[in-house]
Amino acid sequence: MRHLLGTDGLDPATALAILDTADGLKRTLLGREVRKLPTLRGRTVITMFFEDSTRTRVSFEIAGKWMSADVVNVSSSGSSVKKGESLRDTALTLAAAGADCVIVRHPASGAAHRLASWLGHTGTSVVNAGDGTHEHPTQALLDMATLRDRLGGVEGRRIGIVGDVLHSRVARSNVHLLTSFGAQVVLVAPPTLLPTRIADWPVGAAGSLTVAHDLDPELPTLDAVMMLRVQAERMHGGFFPSAREYAITYGLSEARAAMLPEHAVVLHPGPMLRGMEISAAVADSPRAAITEQVANGVHVRMAVLYHLLAGEEEAV
Amino acid sequence: MPPRPRGAPEPAGQRELLSAGDVARTIARMAHQVIEKTSLGASGARPVVLLGIPTRGAPLAHRLAARVAEFSGVEVPVGTLDVTLYRDDLRRRPTRPLGQTALPPGGVEDALVVLVDDVLFSGRTIRAALDALRDVGRPRAVQLAVLVDRGHRELPIRADYVGKNVPTARTEEVHVLFTETDGRDAVRLHRAGDPE
Numbered sequence: 001m002r003h004l005l006g007t008d009g010l011d012p013a014t015a016l017a018i019l020d021t022a023d024g025l026k027r028t029l030l031g032r033e034v035r036k037l038p039t040l041r042g043r044t045v046i047t048m049f050f051e052d053s054t055r056t057r058v059s060f061e062i063a064g065k066w067m068s069a070d071v072v073n074v075s076s077s078g079s080s081v082k083k084g085e086s087l088r089d090t091a092l093t094l095a096a097a098g099a100d101c102v103i104v105r106h107p108a109s110g111a112a113h114r115l116a117s118w119l120g121h122t123g124t125s126v127v128n129a130g131d132g133t134h135e136h137p138t139q140a141l142l143d144m145a146t147l148r149d150r151l152g153g154v155e156g157r158r159i160g161i162v163g164d165v166l167h168s169r170v171a172r173s174n175v176h177l178l179t180s181f182g183a184q185v186v187l188v189a190p191p192t193l194l195p196t197r198i199a200d201w202p203v204g205a206a207g208s209l210t211v212a213h214d215l216d217p218e219l220p221t222l223d224a225v226m227m228l229r230v231q232a233e234r235m236h237g238g239f240f241p242s243a244r245e246y247a248i249t250y251g252l253s254e255a256r257a258a259m260l261p262e263h264a265v266v267l268h269p270g271p272m273l274r275g276m277e278i279s280a281a282v283a284d285s286p287r288a289a290i291t292e293q294v295a296n297g298v299h300v301r302m303a304v305l306y307h308l309l310a311g312e313e314e315a316v
Numbered sequence: 001m002p003p004r005p006r007g008a009p010e011p012a013g014q015r016e017l018l019s020a021g022d023v024a025r026t027i028a029r030m031a032h033q034v035i036e037k038t039s040l041g042a043s044g045a046r047p048v049v050l051l052g053i054p055t056r057g058a059p060l061a062h063r064l065a066a067r068v069a070e071f072s073g074v075e076v077p078v079g080t081l082d083v084t085l086y087r088d089d090l091r092r093r094p095t096r097p098l099g100q101t102a103l104p105p106g107g108v109e110d111a112l113v114v115l116v117d118d119v120l121f122s123g124r125t126i127r128a129a130l131d132a133l134r135d136v137g138r139p140r141a142v143q144l145a146v147l148v149d150r151g152h153r154e155l156p157i158r159a160d161y162v163g164k165n166v167p168t169a170r171t172e173e174v175h176v177l178f179t180e181t182d183g184r185d186a187v188r189l190h191r192a193g194d195p196e
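Chains A and B supply the protein sequences, listed in that same order. Residue numbers for the first sequence follow our numbering, so the first one is 1 and each next one is one higher. Residue numbers for the second sequence follow our numbering, so the first one is 1 and each next one is one higher.
Chain A extracted, bound-state conformation (with noise of 0.2 Å):
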C-alpha cells in the first residue's frame, strides 16, 4: 500500500490485513508497561491539520510515537502557509525536509488525492485524514474495528448512520467500508442533510444502502447507530429550523435508545455535542462505545502506518 486516501477503492483484503494488524498491536500492547514498538526508527511522520482536531490528531502522534517514527506536527496557523503558501509548496517542502509519510487534514475535498498525485514522485505517502466532506478512512477502519470488537463483525447487520449526512466524511467512509464487508446501512436524516444522487454512492456487493428520514421506526431493526455530529461550521444556510427542533427529531435521547434492541452498540466519530445529536446519559451508558473507538483510532492508525512504512519499498 503506497497511500490510503480513501475506503472508496480500499480493497476489503487490504483492509481486512490493517484491521487484523490493529488487532495483533492491540493484544501485543495489552497490559505492558512499555508501550512502544521499535518497527518505524528511523521513519519520519508529519502530521499536516489545516483544520481543527483533537482526536484524530493526537492518535495519529501517539500511534507514530508507540511504533518509534519521528512525528512532526504541522499546523496552518504557526506555518507558512500563514504567509500564502500553498499547499502543493508545502507538501513538496515536507517531503523535501525528510517526510517517510505526510498525514492531511484539509477542509477541501479531494486535498488528499492532489498531494498524492503532487507527491507521487517523492516516495512519500499520503493518509487523508480527513478531507472536507469527501472522506475520513482511518476514522471508517476504527469503526469497524470497534464493530468487530462489540458484534464480532458486520456482515447481515443492519447499520443506521444517522444526521448531518450531507458534510459527512465520515459517512461516505463508513458506507463504502461496511457495505463492502455485507452490512446493510440505513441513512436517516432529514431531507436537507442528504446529498443528492446518493444512488450513485458505490457500495459493496455483499451489502446494502437504503434512505430513511425517520429514526423511530429504524432504531428495533439496527445492531449499531453511528450518530453524526452537526457540523454547524460547514452549514451556511438553514437545513433545519431549530437545533432544539434537530435534537427532538434526531437526537439519541434515553427514550429512543430504550427502542434499540439489547446487543446494539452507539457510535459517535466526536467530537459529540451532547444534547443535540445524542444526550449525555446516553452517551455515558455502557452501550456506547465511543471511548473504545478512541482507544481503538490509535491501534488502527499504527495499523496503517505499518502497512504504509514498514513492508518493501512499491515502485514509484
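There's no promise every hint is true.
[Unchecked claim] No farther apart than 16 Å at their CA atoms in a straight line, the calculated lysine to aspartate or glutamate pairs in the EDC-like style are these:
{"no.": "1", "chain 1": "A", "residue 1": "Lys36", "chain 2": "A", "residue 2": "Asp70"}
{"no.": "2", "chain 1": "B", "residue 1": "Lys164", "chain 2": "B", "residue 2": "Asp185"}
{"no.": "3", "chain 1": "B", "residue 1": "Lys164", "chain 2": "B", "residue 2": "Glu70"}
{"no.": "4", "chain 1": "A", "residue 1": "Lys26", "chain 2": "B", "residue 2": "Asp160"}
{"no.": "5", "chain 1": "A", "residue 1": "Lys36", "chain 2": "B", "residue 2": "Glu16"}
{"no.": "6", "chain 1": "A", "residue 1": "Lys36", "chain 2": "A", "residue 2": "Asp11"}
{"no.": "7", "chain 1": "A", "residue 1": "Lys26", "chain 2": "A", "residue 2": "Asp223"}
{"no.": "8", "chain 1": "B", "residue 1": "Lys37", "chain 2": "B", "residue 2": "Asp185"}
{"no.": "9", "chain 1": "A", "residue 1": "Lys36", "chain 2": "B", "residue 2": "Asp131"}
[Unchecked claim] These stretches of chain A come out as covered by chain B in the derived footprint (C-beta under 8 Å, 3 or more residues):
{"no.": "10", "stretch": "18-25"}
{"no.": "11", "stretch": "34-48"}
Honestly, the hints are just simulated from the structure, not real lab data. Positions of the beta carbon are idealized from the N, C-alpha and C atoms, including for glycine.
Since the structure of chain A is provided, determine the placement of chain B on it from the hints.
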C-alpha cells in the same frame, strides 16, 4: 500433499531430512535435554517457560512441553512470542502479517525462558525475539531450542538445544512441516525456488 510411498524416488532437488518418526524422536530427545539442563522438578529450580516463535515455533513449543510433562511430570507454561515488529528486515520484504503473542498467565518475570523455533539460520529472528522479550518482562535467563540448526549464522547466537544439525548451502531451504500447520510432520531440504 499425500505421503510419498516408501521407496518412491524423491523429486529432483528435494531431500527428506527427518521423517515423521524422526521428528517425534527428536522432540522427545530435546525434552529430555531440557529437563536435565534446567534441573526441572528439582527443589530450588527456577520456573521454566517455553515461548514458541510463530509460525512453526508455536506448535513445536507445545509438543516440547507435552513431552516434558510426560517425562518429568512437571507442567511447563507455554506461550508464543511474535517477533515481526522487531525484525530488522521488514523493509526488504512485502508487508508481513503479524503473528500471535500469547504469554502464559504467569508472564516471564524471573523465569528461565526457553525460546523455541523450528530452524536456526542467520540468527536474526532470535535477535528480534530477544528484543521482543525485553519488552514483555525480565527473565532470569534465556535459552534457545531449535529443531534444525542449518548454520550460516550472521550474529553471535547459538542454540542450547538442537534437534538436528544440518550442513546446508545458503541457496538451499529447510522446510519444517508440522501436522498442526502443514498436515504432516517432516523436515525437508529444498533447492531455492523449488515448489513444495
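Quick rundown of the hints versus the structure:
{"no.": "1", "hint": "Lys36/A with Asp70/A", "in the structure": "holds (13 Å)"}
{"no.": "2", "hint": "Lys164/B with Asp185/B", "in the structure": "holds (15 Å)"}
{"no.": "3", "hint": "Lys164/B with Glu70/B", "in the structure": "violated (22 Å)"}
{"no.": "4", "hint": "Lys26/A with Asp160/B", "in the structure": "violated (32 Å)"}
{"no.": "5", "hint": "Lys36/A with Glu16/B", "in the structure": "violated (42 Å)"}
{"no.": "6", "hint": "Lys36/A with Asp11/A", "in the structure": "violated (29 Å)"}
{"no.": "7", "hint": "Lys26/A with Asp223/A", "in the structure": "violated (24 Å)"}
{"no.": "8", "hint": "Lys37/B with Asp185/B", "in the structure": "violated (26 Å)"}
{"no.": "9", "hint": "Lys36/A with Asp131/B", "in the structure": "holds (12 Å)"}
{"no.": "10", "hint": "18-25", "in the structure": "holds (count 4)"}
{"no.": "11", "hint": "34-48", "in the structure": "holds (count 5)"}
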